[in-house]
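Participant: Please construct the entire structure, taking both the sequences and the accompanying hints into account.
This is what each chain is made of:
Protein chains: 4
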Amino acid sequence: MDKRKKVLIAILSGAILLGALSFSVAIDDDYTSGLTLEDAKRVIAAAEEKAIAEGLRMNIAVADVGGNLVAFERMDKAWLGSIDIAINKAYTAVAFNMTTEALGAASQPEQSLFGIHASNDGKLIIFGGGIPLYRNGELVGAIGVSGSSVPNDITVAEAGEAAF
Amino acid sequence: MDKRKKVLIAILSGAILLGALSFSVAIDDDYTSGLTLEDAKRVIAAAEEKAIAEGLRMNIAVADVGGNLVAFERMDKAWLGSIDIAINKAYTAVAFNMTTEALGAASQPEQSLFGIHASNDGKLIIFGGGIPLYRNGELVGAIGVSGSSVPNDITVAEAGEAAF
Amino acid sequence: MDKRKKVLIAILSGAILLGALSFSVAIDDDYTSGLTLEDAKRVIAAAEEKAIAEGLRMNIAVADVGGNLVAFERMDKAWLGSIDIAINKAYTAVAFNMTTEALGAASQPEQSLFGIHASNDGKLIIFGGGIPLYRNGELVGAIGVSGSSVPNDITVAEAGEAAF
Amino acid sequence: MDKRKKVLIAILSGAILLGALSFSVAIDDDYTSGLTLEDAKRVIAAAEEKAIAEGLRMNIAVADVGGNLVAFERMDKAWLGSIDIAINKAYTAVAFNMTTEALGAASQPEQSLFGIHASNDGKLIIFGGGIPLYRNGELVGAIGVSGSSVPNDITVAEAGEAAF
Chain U
1 MDKRKKVLIA
11 ILSGAILLGA
21 LSFSVAIDDD
31 YTSGLTLEDA
41 KRVIAAAEEK
51 AIAEGLRMNI
61 AVADVGGNLV
71 AFERMDKAWL
81 GSIDIAINKA
91 YTAVAFNMTT
101 EALGAASQPE
111 QSLFGIHASN
121 DGKLIIFGGG
131 IPLYRNGELV
141 GAIGVSGSSV
151 PNDITVAEAG
161 EAAF
Chain E
1 MDKRKKVLIA
11 ILSGAILLGA
21 LSFSVAIDDD
31 YTSGLTLEDA
41 KRVIAAAEEK
51 AIAEGLRMNI
61 AVADVGGNLV
71 AFERMDKAWL
81 GSIDIAINKA
91 YTAVAFNMTT
101 EALGAASQPE
111 QSLFGIHASN
121 DGKLIIFGGG
131 IPLYRNGELV
141 GAIGVSGSSV
151 PNDITVAEAG
161 EAAF
Chain L
1 MDKRKKVLIA
11 ILSGAILLGA
21 LSFSVAIDDD
31 YTSGLTLEDA
41 KRVIAAAEEK
51 AIAEGLRMNI
61 AVADVGGNLV
71 AFERMDKAWL
81 GSIDIAINKA
91 YTAVAFNMTT
101 EALGAASQPE
111 QSLFGIHASN
121 DGKLIIFGGG
131 IPLYRNGELV
141 GAIGVSGSSV
151 PNDITVAEAG
161 EAAF
Chain Y
1 MDKRKKVLIA
11 ILSGAILLGA
21 LSFSVAIDDD
31 YTSGLTLEDA
41 KRVIAAAEEK
51 AIAEGLRMNI
61 AVADVGGNLV
71 AFERMDKAWL
81 GSIDIAINKA
91 YTAVAFNMTT
101 EALGAASQPE
111 QSLFGIHASN
121 DGKLIIFGGG
131 IPLYRNGELV
141 GAIGVSGSSV
151 PNDITVAEAG
161 EAAF
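Chains as they are written, first to last, in the working numbering: chain U, 1 to 164; chain E, 1 to 164; chain L, 1 to 164; chain Y, 1 to 164.
Because the hints were derived from the structure by calculation, they are not lab data.
One or more of the hints may lead you astray.
Put simply, identical chains are the same to the list, so a pair is met inside one copy or across any two.
Below, a list of computed lysine to aspartate or glutamate pairs in the DMTMM-like style, where the Cα atoms sit at most 25 Å apart [claimed, not checked]:
#1 41 - 76
#2 77 - 138
#3 123 - 84
#4 123 - 54
#5 77 - 49
#6 123 - 138
#7 77 - 121
#8 123 - 48
#9 41 - 84
#10 41 - 54
#11 123 - 158
As the structure is a computational prediction, the values presented were derived from the model and not from experiment.
Facilitator: Here it is, written out as structure tokens:
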């Protein structure tokens, strides 16, 4: 093998290695969920900051693209009953790739999805406060907020979404 | 050290000790729940007395601030199906720091929280008879009553609340 | 009234006020849970730091004295099946005021509590990784860790406990 | 009317009244279950008294012949996880008309009923502390105690049983 061929092979090998590395890096960051714990913490911190600014006590959850919980916090004296609701607003927003508000509109009596809230082992929440999170146009998770009126829940969830 | 200084120091020491004692007593009494079994018995006894006076047969439950059951009684021949409802009215009133009646009003079809009754593993009761209990302005538990019409359930629950 | 009496009364009033304040602060801080979100974040951060140092990927949960979730995080690529286990290790450690390891030892076949894992709606975890948290000798919550071998789970939970 | 007639009427009236009273007492005592709330309170009070004497903090439940809860109390700072267990020890003792200790002996690995604890929606408790209550040789309910070691649970349950 002459020197040029060797150089070519070396360059090709390097390129393949780099490709493989970049591929594995891509896998590392995006494959399992596309939403890291670091992302979830940033989203929750922004939502909490908004809640404090508004004088609200919230339960805040972030789920990944599998609908599984990534991170959660209950602010001091926030409603106990909203632990389940915040977590499941995040689940619901991932599960149907839409806000829980939008799902709720379609799930009222006489609407097309009425009754859906009894499915999924009671994990669907059909009022606002759950918002999907996208990266590069792809669904990667959701935030769910519960602890006050629905408009307040939505306001705080949007603050979290904005930080994503 | 003259006599006056000694007296002053003794008084100060006593005052500091009293402060410390009141602090530790507060912790001892309040940490687990802020609502004792003695409180729960008094609340239930008052509710039962009212039920007897009204000729009603009730299930009566008291939960602590964690939503966990402290005491319960079912009067003779009271509805079996109301065991779960009384216990969970108490849970619900703690979980959202409001009466189950107020939660129910916001949870009707077309209202903001419609569908909430399917959350929390079916433990939310969205009609009257669950009332939060406060001490020094802080939520410490709730009473839940079930066994008759909702207005009757509320009347009996209020009699229990009044004894707290 | 002479000057000394006035000073004495002022000091006494101040001391009584301090005592009253410490009492009301105790109530305010401790009534709902005795363990704040700030506490939970600190405990989880310490546990996460230990997990990173050990090259582990963990689910980490903190519950309050009512057994209710205060905060949770799942490290990137940590087991999904451990979300439930971490949360319920924290619940279990509060529910029996002992480590899940100690409860597990008493719950083996032929031991006194065999079968207990089927109670509490499947929420009891009977292997190590759940540790109660105490303040001034009183139970105020627990940490639960799941995501690796039980000894690793315990190591990480202890790191969280140490930060409390 | 002569004096004898008056006496006769008085006696007859008294007899009818007594008959009516005994009839209504019979209805009151036997209709739902044969175990009244009054019975349950007496049983629980005796168990609580024993627990206090032994320095124990217990959850104490009484179920009727239908296995349904009649009364319950959790002593201050008793284990949260034992709420479910005390209630279900009472259920289990009624459900199989034997102590939970006896059921447990038959439910160990390699024994005839191994696995039974996963039936009945997780409501069966297979260690001591649940004891049936009999009246005139008939099963009318059970007491369930949980909050300490199994021998302690049994001791307190027996104190309740003795008061029945």
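Participant: Output the indices of the hints that this structure fails to meet, ascending.
Facilitator: 4
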